Amino acid sequence: MSAAISIDGLTKDYQVGFWRKRPYRALDGLSLEVQPGEIFGFLGPNGAGKTTTLKLLMQLIFPTSGRAEILGRPVGDVGARQRIGYLPENPYFYDYLTAEELLQYFANLFGYSRSEARTRAARLLDRVGIGAERRRQQLRKYSKGMIQRVGIAQTLLNDPEVIFLDEPMSGLDPLGRREVRSLILELRDQGRTVFFSSHILSDAEALCSRVAVVAGGRLAATGRLSDMLAFEIRGWELVIADLRPQVLERITGQLQKTTEISPQRYALELPLQVPPERMLADLTATGARLVSLNPIRDTLEDFFVRRVAEVGEGARAPRKGLDAGD
Amino acid sequence: MSGWRGRAAGVALALTLFGAAVALQVVRDRIYSREQAQNRAFLYVQSPAALRRIALSFDALAADVYWIRALQHYGGDRLSRDGRQRYQLLYPLLDLTTSLDPYFTIAYRFGAIFLSEGYPGGPGRPDLAVALLKKGISSQPDNWRYYHDIAFVHYWQFQDTRTAAEWFRLARTQPDAPTWLEPVAASMLIEGGDRESARIVLQQILNSPEPWLQQMARRSLLQLDALDFLDRSIRPVIARNPPPPGTPYSWQWLVGRGAFPGIPIDPANVPFEIDPATGTVSVSPRSPLFPMPRIGSPQ
Amino acid sequence: MRATSWIAVNVFKESVRDRVPYNLALFAVLLIGASFLLGQLTAGQDVKIIKDLGLAAIAVFGLFIAIFIGIGLVSKEVERRSIYSLLSKPISRPQFIVGKYAGLVLTLAVNVAVMTVALYAVLGYLTYIQTPAARSAWDAPGVDPRLLEAIGLIFVELMIVTAIALFFSTFSTPLLAAALTFGLFIVGHFNTDLKNFDKIVDSLPAVWLARGVYHTVPDFSAFDIKTEVVHGLPVAAGYIGTTVGYGFAYIAALLVVSVLVFSRRDFK
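Protein chains in written order, with this note's numbering: chain B, 1 to 326; chain P, 1001 to 1299; chain X, 2001 to 2268.
Chain B on its own, in the form it takes in the complex (with noise of 0.2 Å):
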């Protein structure tokens, strides 16, 4: 099956400076495919390029070289932008219409009748959770979160078999972030395949099959989630109830870590050598109660904050010669 998103070579240069223009490498020779139907997480630090990188899959501005294909079809196909959907980040929208008649305004735009539009508009905004009342108030008065909830329906407005969200909890407090998540899922569910950038990781560890980290403008690492953090077990996090203090005392120095959750309850921080069933039975003998025992692995943070280190800052000075690839 054919690639839903496939980016080959993809760089963008900006011309910075006022007198002598020096090019800023914004992007520097993407090159990654998306499947159809997976969750695809496009992650990096501020200032990666992730934003650079939809908007010139959304042909907002255009490559410096390399190319693009969205569904088959060059990126700036009008036809192909009837099967996406987009969701920028910091999404302003015209605050003058209500999210009613911005809803039917894009979906008018898609092509569908007047009637088909309302019946899609209403629909979707009960989807993300607009109520009657407020839907027909100007969108000037909603607040951040609202707004990007009407971004998000606005997204879905044409069935789009392909969704690019850009920052999409951004402004969302936790209930919301839940809740676009288990949208995220449904999505997937239903068949689309979403690409999203985020710098939140414990989205993406939550969310997706496969990830893409870009920093400073290149890609660092392309993979299978599980595959990247298949790493060992570095340690064991034990979490004990009713743990006396004598006899936490009597076991720190075996330990890495120690958070003490409330009165009598700990979470411990073993190393790989202290094997965790001997520090059980132990503990359990003194009158402790097990809560949970977990492996400490390497967080998808570890391995981001190491992996853009050794990409390092270096890629963004002037370069000699502009060819895409070193």
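If you are wondering where the hints come from, they were derived from the structure by calculation, not from laboratory data. Keep in mind the model is a prediction, meaning the values are calculated, not measured. Misleading hints may appear alongside valid ones.
Claimed, not checked - Short, incomplete list of chain P residues facing chain X, as computed with Cβ under 8 Å:
(1) Gly1010
(2) Leu1013
(3) Tyr1032
(4) Ile1068
(5) Leu1128
(6) Ala1239
(7) Val1255
(8) Ala1259
Positions of the beta carbon are idealized from the N, C-alpha and C atoms, including for glycine.
Please arrange chains P and X on chain B, whose structure you already have, making use of the hints.
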């Protein structure tokens, strides 16, 4: 709109459309002349006071624009072949120009020249010319040029040498006025036949500190004396003593007749000359008083 | 095409919800007030003055609308980044530009129409209360259908101004675009002085330069037939035709250039 071919086509299309626009413009201008309408539109605001307010702080620039239009109007009517040389809008345009910029000297001066030019070639409105110049005087009372120009309008258009000389005198009293103004005034008076006034002016010039002016004044006074002498004492006598037919006029014959005690001499002690055929007496070219001023009204 | 018209409708909606209705109300009030005031002051010249005032007001108000909404048409969308979500929909950039332009022209049309109706209403009232004797002294009838000729040309002129404002809006900031558009408007009104340069200046390069500027800058003064109409003087149909044709050709050229500039623009 992809690729450079698309862009080239776009640029070509834009240029074609622009060319079409210009073509239409040229065609329209050729068929429908807008001069008349244009000028009417210019005088949409007839009142100088209102125009000053509208022009805000760009009075001088607006004055320039109106000056250019005045010139075009004058030139356009001058060169027009269909006889509508009426220059109707010339004075209003000049009035507006000078109201917007009261220090626009050229507008007053050339405007006066244009306006006083006689019909049919010009508007033939010396009265408006004087009015315009007087407006100039009201804004710049010590500018001798305006007085000088008014004097010439009176001289050329109204044939009024006395008033002209008076305006010359006023011009002379302004600061920085050139010294040749008064002699010109005197000459003008003499030409006009007004010797009394001329003498008065010349007497005043005698008091001038400039030696060449004194000299000139003295000379002019002697010339006047010569003229008076000729008129009073010579010509009547000759008229009473015509020679017989066939005999030319000559001093010898007249003196021989006893008409004159001797050959008459001018105030510079040079004998007058008499024309043998007509008996006209004039100052000799050998005299320092020659050439004498023209007598009679200016052409 | 359908998408373009939806964009146009949206522009119209925005202008309606913005500030435009207040302009109209102000205009109507001014005009009605002026008419009654002037009726007391002038000796039977009130009709001419109302016509002058009305036409001038339509031109001026229309100009402000054209410039101030026109300059923001594109730059506001880009600045606020509402253009991101708009351009991800299946519309092309040319459609966007044309749609925006059409929307503003629609706004202008409605404004001008309302002002025209107000003007005719006041003229109608004045005509009604005047005696037939006074009316016969007028250069042109009070409720003069020929006013529509003048208003029509004013409207085409405004369409050109809008196209210019839109063009500048595609690549520069609102303030600069407003200044440039207004500047071009002023120069365009003094255009005929440039054309006649050869009558007063000797230098040939200067004349050619002036001619060049005359043909490049839009010839706005040609669209002004207010004086003729108010005084009842005839205006040739051919003149109106060629001038309108000129206007449309110029507008089309501007739109094509605007599309060209806009199509290759990066949106930061």
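Going through the hints against the structure:
1. Gly1010: With a minimum Cβ separation of about 5 Å from chain X (threshold 8 Å), the hint on Gly1010/P holds.
2. Leu1013: Holds, about 5 Å.
3. Tyr1032: Status holds, d = 4 Å.
4. Ile1068: Nearest chain X Cβ about 6 Å off; hint holds.
5. Leu1128: Where the cut-off is 8 Å and the nearest Cβ of chain X is about 22 Å from Leu1128/P, the hint is violated.
6. Ala1239: Not OK, violated: Ala1239/P not within 8 Å of chain X, min 58 Å.
7. Val1255: violated (65 Å)
8. Ala1259: Violated, because the Cβ-Cβ distance from Ala1259/P to chain X comes to roughly 65 Å (cut-off 8 Å).
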